[in-house]
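4 protein chains.
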Amino acid sequence: MIQATTNIRVRYAETDQMGFLHHQHYVAYFEQSRVDLMDTFGVPYRSLEAAGCFMPVLSIQIEYLHPNRFDDRLEVRCFLDSLPRARIELRYEVFRGDLMTTKGVSSHAFMDNQGRPMRPPKMLVEAVRPLIGSRDEV
Amino acid sequence: MIQATTNIRVRYAETDQMGFLHHQHYVAYFEQSRVDLMDTFGVPYRSLEAAGCFMPVLSIQIEYLHPNRFDDRLEVRCFLDSLPRARIELRYEVFRGDLMTTKGVSSHAFMDNQGRPMRPPKMLVEAVRPLIGSRDEV
Amino acid sequence: MIQATTNIRVRYAETDQMGFLHHQHYVAYFEQSRVDLMDTFGVPYRSLEAAGCFMPVLSIQIEYLHPNRFDDRLEVRCFLDSLPRARIELRYEVFRGDLMTTKGVSSHAFMDNQGRPMRPPKMLVEAVRPLIGSRDEV
Amino acid sequence: MIQATTNIRVRYAETDQMGFLHHQHYVAYFEQSRVDLMDTFGVPYRSLEAAGCFMPVLSIQIEYLHPNRFDDRLEVRCFLDSLPRARIELRYEVFRGDLMTTKGVSSHAFMDNQGRPMRPPKMLVEAVRPLIGSRDEV
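Chains as they are written, first to last, in the working numbering: chain Z, 1 to 138; chain F, 1001 to 1138; chain A, 2001 to 2138; chain B, 3001 to 3138.
With the rest of the complex left out, here is chain Z:
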């Protein structure tokens, strides 16, 4: 398992008239933590796109357990549990202090710069393999 943690402070612009962090913004928070995760194993998403590989989203699921509010300091944790194949799956947990407020999952394809599906790039798989461990090595 690979993990990264991103600290995010809720912006005023991200609140809604219910007084909560609007549920839309968790999607961008997850994305930000995904970018941080990729830094962790030395393949920044920026460099992946520069090499002609994009990771469009196939699906996303979010469970909102507790609301967050303006100025809250959140910890967004992103997890990669298994080797990327045709798809890559990531998990997310949002904490405010010790309280898990939100969790989610996203699934992504790999796409070249012509918009065609492609295999996960070697640089990504090789960076990830030693960190994921034996679970995928069967």
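Accuracy of the hints is not assured; some may be wrong.
Selected chain F positions facing chain B (in silico; Cβ < 7 Å) [stated by the list, open to error]:
hint : residue
1    : T1015
2    : D1016
3    : Q1024
4    : T1040
5    : A1051
6    : G1052
7    : Q1061
8    : F1070
Source of the hints: derived by calculation from the structure; they are not laboratory data.
We treat Cβ as the ideally placed atom computed from N, Cα and C, and that holds for glycine.
Starting from the known structure of chain Z, fit chains F, A and B onto it as the hints suggest.
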């Protein structure tokens, strides 16, 4: 089943550097179509909040089948299939012409203006009941 | 003078905890009305980019006269008063019914697909010239 | 003069199909740096609203000198040059390394929780006065 259709033209501000409508914005599109659906049966969401009832999101799931792009004219369809109880569940489909590009589901609680859970308001249940039909009447 | 009017209904996702349409979103509303204006004279912004010409923003000014709220129906008017030269300047007015709530100005450059400045494309200038009238013809 | 600096890393969700940080998001970046500035002198914006005082935006002006891109690390500087009176004016500068990419100004009113204009709260004026210095002491 109750249904509403919302026409949305993708804004430039909603694109990303992949050249796609960023996947975050479907959450707001779904919300907009939910608001339109509630107009359909005569209980505008605005009036619900004015009466002290809020509908915070409990979960959301989105499947991205095909990307959309700047200036695309989309049809967002929102469906209510069953009577609201402690929760209300809504379904969504996004079409570009005849092509379904995206689909999703959201689940919501009912909350009073003190942030406490409440039953679905009578005005909502009674407006919806005759339109949902016999499926829930067993 | 060339003018276009865009009807926008304020989304819930665009409100903030002050209960207002957050001031950030007027920037996207102006952009949407700019796109509509370009449709008006037959040079959709989409086609301009397809022809390799982009219109990055150089400056923007907004005056917030009255707040708007969730579900408000707004009329965003966009005006082009003079021929594009090295820059193009647009004006905006937002109305809720008869009340002007917001006004603004934006200025844009013309940029080719290598990021270099370019002259306003002929297709744009020629579409606009007959509609702007004598003011610029001295 | 009072100053605060906010570090922001451009999110993917904030890019547009031009490949730039979309110009709308600087409005939220300025707001975030304004919140940081208020922390600096011990009157967090959160506590101001809790005390029944809001700071709605009256006007905003932004000059876009150089574009920013995904993953850029930006430094947003916010400045308060003079004592708040009926209005408070703030200045902003965005740097990428040594390059100033963007600058702006915003002006705000003070509003109570009934939406009525009010004087700047004492807690704010008194926190700010010793830091602004003699310029306003005539």
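Against the structure, the hints:
Satisfaction of the interface hint for T1015/F is found here, the shortest Cβ-Cβ separation to chain B being roughly 4 Å, below the 7 Å cut-off. The closest approach between the C-beta of D1016/F and any C-beta of chain B is roughly 5 Å, which is under the 7 Å cut-off, so the hint is satisfied. Taking 7 Å as the C-beta cut-off, the interface hint given for Q1024/F holds, the closest approach to chain B being about 5 Å. Because the smallest distance between the Cβ of T1040/F and any Cβ of chain B comes to about 31 Å, over 7 Å, the interface hint for this residue is violated.
The interface hint given for A1051/F is violated, since its Cβ lies 21 Å from the closest Cβ of chain B, which is over the 7 Å cut-off. For G1052/F, the interface hint is violated, the least distance from its beta-carbon to any beta-carbon of chain B being 18 Å, above 7 Å. For Q1061/F, the suggested interface contact is broken, since its CB lies about 19 Å from the closest CB of chain B, more than 7 Å. Taken as an interface hint, F1070/F checks out: its beta carbon lies about 6 Å from the nearest beta carbon of chain B, inside 7 Å.
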